[in-house]
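Undergrad: Next come the chains, spelled out residue by residue.
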Amino acid sequence: MKAQNTSLFQKELLQEAFKQSFVKLNPSVMFRNPVMFTVEIGTAVMLGVCLWILSGEKNQGSFAYNFIVFIVLFLTLIFANFAEAIAEARGKAQADSLRKTREETPAKLVQPVGEMYLNEIKMVPSSQLKKGDVFVCEAGDTIPTDGEIIEGLATIDESAITGESAPVIRESGGDKSSVTGGTKVLSDKIKVIVTTQPGESFLDKMIALVEGASRQKTPNEIALTILLAGFTLVFIIVTITLKPFADYAQTPITIAAFISLFVCLIPTTIGGLLSAIGIAGMDRALRANVITKSGKAVETAGDIDVLLLDKTGTITIGNRKATSFYPANGVDEKHFINCAVLSSMSDETPEGKSIIELAGVKPDTLKVDNPIFIKFTAETRSSGVDFGNIRIRKGASDSIRNLAQQAGNPYPNETAERVKIISSNGGTPLVVSENEKVIGVIELQDIIKPGIQERFERLRKMGIKTVMVTGDNPLTAKFIAEKAGVDDYIAEAKPEDKMNYIKKEQQEGRLVAMMGDGTNDAPALAQADVGVAMNSGTQAAKEAGNMVDLDNDPTKLIEIVEIGKQLLMTRGTLTTFSIANDVAKYFAIIPALFIVAIPSLQGLNIMNLHSPESAILSAVIFNAIIIPFLIPLALRGVEYKPIGASALLRRNLLIYGLGGVIVPFIGIKLIDIVVSVFV
Amino acid sequence: MNTELLGIIFMYVLVVALAIPLGRYIGKILNEENTWLDPIFNPLDKVFYKIGGVDSMQQMTWKQHLVALLSINIVWFLISMFVLTNMNWLPLNPDGNSSMTGDLAFNTSISFVTNTNLQHYSGESGLSYLGQLVLMLWQFISAGCGIAIAAVVFMAMKEQTSETFGNFYRYFVRSCTRILLPLAFATSIFYVFNGVPMTMEGKGNMISMQGDSVQVSRGPAAGFISIKQLGTNGGGFFGVNSAHPLENPNYATNIVETISIMLIPIAMVFALGYILKRKKLAYIIFGVMTLGFLLLLMPSVISEMNGNHAITKMGIAQHMGSMEGKEVRFGSAASAYWAINTTVTSNGSVNAMHDSMTPLTGMFAMLGMMVNSFYGGVGVGFLNFYIFMILAVFISSLMVGRTPEFLGKKVEAKEMKIAMIIALLHPFLILVSTSLSSYIFTSNPTEYAGWLANPGNHGFSEMLYEFTSSSANNGSGFEGLGDNTPFWNIACGIVMLMARYLPIIGPVAIAGILAGKKFIPESAGTLKTDTSTFGLMIFAVIAIVAALSFFPALTLGPIAEYFSLK
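Line order of the protein sequences matches chains A and B.
The opening residue of the first sequence carries number 1 in the numbering used here; numbering runs sequentially from there.
The opening residue of the second sequence carries number 1001 in the numbering used here; numbering runs sequentially from there.
To be clear, the hints were calculated from the coordinates, so they are not data collected in a lab.
Glycine residues also receive a C-beta, built at the ideal position from the N, C-alpha and C atoms.
Check before you lean on any hint, since a few could be wrong.
For lysine to any residue, the following SDA-like pairs were computed, each having C-alpha atoms within a straight-line distance of at most 25 angstroms [to be verified]:
{"hint": "1", "chain 1": "A", "residue 1": "Lys420", "chain 2": "A", "residue 2": "Leu358"}
{"hint": "2", "chain 1": "B", "residue 1": "Lys1410", "chain 2": "A", "residue 2": "Leu358"}
{"hint": "3", "chain 1": "A", "residue 1": "Lys293", "chain 2": "B", "residue 2": "Lys1410"}
{"hint": "4", "chain 1": "A", "residue 1": "Lys641", "chain 2": "B", "residue 2": "Ala1524"}
Simulated coverage check for chain A against chain B, where a stretch passes if three residues somewhere in it have a Cβ under 8 angstroms from a Cβ of chain B [stated by the list, open to error]:
{"hint": "5", "segment": "244 to 257"}
{"hint": "6", "segment": "294 to 305"}
{"hint": "7", "segment": "439 to 449"}
{"hint": "8", "segment": "507 to 514"}
{"hint": "9", "segment": "645 to 651"}
Partial chain B-side listing against chain A, Cβ under 10 angstroms, derived [unchecked claim]:
{"hint": "10", "residue": "Tyr1501"}
{"hint": "11", "residue": "Ile1505"}
{"hint": "12", "residue": "Thr1526"}
Throw the hints in and build the complete structure from the sequences for me.
TA: Pasting the structure below:
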């Protein structure tokens, strides 16, 4: 699912969007967008003018000219609606493909009797499941709806949602108790309680958000709409007052010219694309497999100052890995490595596996008779293997030291020294003994994810402070923090530490984002300005956050921040572009308005446009076609570059500000050359 | 180099050189820091607080500041209405001038209350000395109010969360006694020594060279002129303002008067830098203002020095440039320099007749007033600039991928609404009122023929200029307009009122609301407002909002005239 829909326009989407562009002409819908609403009024007036000319009016220019102006204005509306419709269609298509996974599936409902649940099972369609119902899923069943496991453990294939083929384990209690509708149980049996009313799952909310029915303007969108409405008002004043001015100067101006001037001056480009940009932002989040609960959350993500990241899984690869073998003096290295492998043969932990991996020796190639494996216990704090008369143990340094010293063997100095060095480097030493004699040390290290330093560097350039949260002791935490390049860390972190850290940063005026999965993360997720809950997390965590990450990928936060920034930037740059366009449009239309009455104003016609009619037509045509030209940019978003705010402003001002001044001069001139062939 | 040009370069360098230390001084006064003048002024200020019956220690919210400002203004408006309509029997009327009509008194009072000083009368015959003195007092009060209200915004821009920003009465009294009064005193003395009258006696008798006996008007002019220039008031003591030989006798007084126009407006920007401890921000603001000023100034000076194209075509050499309506003692460059100085700052005094300037100079003078924030009026110029900064911050923050914030405070829908209304107001007032007058004129050109001295494009410029000047609280006239009629008196009065108070209320409200918000520390992702890139952005916003909305109107006025003269 991740790979699909990479092309911006697909045939079926285009058809749907095309249909919607006409539906959206309904004035009560258009009213939400003040800029385009005024264009609609202008279009209606032009239609009236056309009819007026047909009924005999002579002073408004030819019918053909007026009709073309009407058509171009109408197209401006259609283009703007199309932008919104295509964004909606894309978002909907994306959401639909998720929704497909939760089509009607039979559910094994557990019948309640009062407080009790009988073991009787009734088959019902998934759409009939209500919040609080309990159902059962066995191997091979598709989970009918979102819920939380209350009994049992199962491996689940979540590939329908995440695209990740490796099955995951979900079990009752703990932080991995959530299941999602549409995923498949591969083994075992679970009892699940339904956590959402039908039609109220996150996905349903997201779809509604994209479809527009429940889409509300975000605070920033409202502020920007005010700005654009203000510009529209200025130009209403400019256009209306021009009438008495022109009468004074005895310069008759046609209605078509007035309306063209007005439509060209108001910021139709950004006005037409504004809602498409907002929807595309949510859609981009969805493409990154993040469900946002509001458009505001995406916007806020762009403002984030502090990122709280869990160490494990985000900064380091899951678990520690063996990185080196250090045999004690007088011990053959090969022998030591073989012993280390033997001691880890039955060790199912990732650490144990990594030792075998590092050794590069297959355990079954070693000759061992009737091995007895000694399991790790909290008491001995070591594990190992006995065979024949050989006893190999592997464990924390102090427990092996005790073992050796109790047997009367010395604890070698170089081993003690090595243990110290490894600890201070942020690693974990494991000491190995053979028949209670210390034979060497294995070094385990946290493996920092490749490329993570560069990502943090990128974040730093964006002005975002990264904070690593870990249960490690401060020494290890500091070492890893420095190595990974995070700005701060919380060591030996308890859930309330996260909360306190967030509160402290917020009191200083910063916006904080965090990711969490557990129930004990829920308060912090709610407190954070952007709280991303993992889909695998508990229902409480998902309710508390304002986004849900379907991939359970802790590095997703970084992408979310960039999506937020892109959204804001796209708005800003297109506003700038739209307003900068006015310069050229003025120079096209103003001389055209007055040139007949005041021929000396030819000096203002710096583009040397063919005639007043061709000048006005070129300006409105440019104004209309720039919208579809910019739809791809609006949907894809302006690229964010972490080069510092001032450099970014300079860059965007150059591209969209200066570009916005120059492009329409060229565009209008080119259109005029074409138009002048016909006029 | 041409001495005329050297003259104006000298004036500009001098005003900036003086404004920098003055800015620091103003900053200290507003910050309530100790200065060496304290022993003189502390007791004096206390007297004012006592007479006014105000609590000078009360910390005020932004709303309380506005209430204080408006109440000062209303009280003095009533007093001046009374004096102007009853001058004939009140004392200090040696020339026996008559009282004003109701509509003229309304226009004049508003005009001085609002720091506009649009004059639909001539000082020589229209006012008694008492009337002149009341108006002179107004020139102090309106300028003092301007500095005080700017101080409120400065304090609100500090890096903290606060609901109160000092005491308005303190800012006001301290601005008057410690900034305006000393400067006005010093310049008055200079004018007196250069021959400007300062007397309470009536008209003097002079025998002219031809042997005729001439009655020459005089009065307490030197004191009036000094504050007229320093407070960006601009209302002249005599009808023709600083073109009058007794109001601006020589090039030396012309230098001092010209410098006085821009001195405090520029100093206010540096005062901002001092108070906020953001010198770089002050320099960026100064830079943007200067860029705009120079872009208006240079073509104007060139245009005036090149003379009138139409006259050149007649084969008449114009070595001194276009001298129609100018004083020979100042020349074309210094007159053009003054014209742009007085229009960008909302001063409005003139030393040459703007009606007679070449069309381009007329246009740039109007543009200066349309923008009204390249230095701008005392205090209020910055407030206008502040609105443009808010708009620029909004768009450029988005362009760097942040929701908008200005000096650590989030700019949201409410502030945008206010900023947009204020940004709209100026074009609205100018265009709507000019279209109203155009409509009335067009509906019956013979009945209203007395309005316009010139037909066609120039006549249109006369109307546009009058309303632009009113809305910018500038007060200069294009003249050639028969403006002492009820329509012009009342229409201009209403425009002046709205254009004075709404652009004060708006920025104060925005600054007050922002100050109450949580302070957000700067990070690498934050838009920096003290960079030249952001300065450029402000300039672009000003150019597009302020200039583009007037393009069609200017096309029918000065631009059409310019091309028709070519």
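Undergrad: Does each hint hold? Answer for all of them.
TA: Here is what the structure says about each hint:
Note on A/Lys420 and A/Leu358: the hinted pairing holds, with a Cα-Cα distance of about 22 angstroms set against a maximum of 25 angstroms. With a CA separation close to 54 angstroms, the supplied pair B/Lys1410 and A/Leu358 exceeds the 25 angstroms bound. A hinted pair counts as satisfied when its Cα atoms are at most 25 angstroms apart, and A/Lys293 with B/Lys1410 qualifies at roughly 23 angstroms. With a C-alpha separation of about 13 angstroms, the suggested pair A/Lys641 and B/Ala1524 falls inside the 25 angstroms cut-off, and the hint holds.
Evaluation of the coverage hint for the segment 244 to 257 of chain A: fulfilled, as 7 residues show C-beta separations to chain B shorter than 8 angstroms, against a requirement of three. Under the rule that three or more residues need a Cβ within less than 8 angstroms of chain B, the assignment of the segment 294 to 305 of chain A holds, with 5 such residues. Given as covered by chain B, the segment 439 to 449 of chain A fails the check, having 0 residues with a CB less than 8 angstroms from a CB of that chain where 3 are the minimum. Remark: the segment 507 to 514 of chain A is confirmed as covered by chain B, as 3 of its residues place a Cβ nearer than 8 angstroms to a Cβ of that chain, reaching the required three.
For the segment 645 to 651 of chain A, the stated coverage by chain B holds: 5 residues have a C-beta nearer than 8 angstroms to a C-beta of that chain, and at least 3 were required. Given the 10 angstroms rule on beta carbons, the hint for B/Tyr1501 is violated: about 20 angstroms separates it from the nearest Cβ of chain A. Taking 10 angstroms as the C-beta contact cut-off toward chain A, the hint placing B/Ile1505 at the interface is violated, the least distance being around 17 angstroms. The criterion of a C-beta within 10 angstroms of any C-beta in chain A is met by B/Thr1526, whose closest approach is roughly 6 angstroms, and the hint holds.
Hint check: violations occur at hints 2, 7, 10 and 11; the rest are consistent with the structure.
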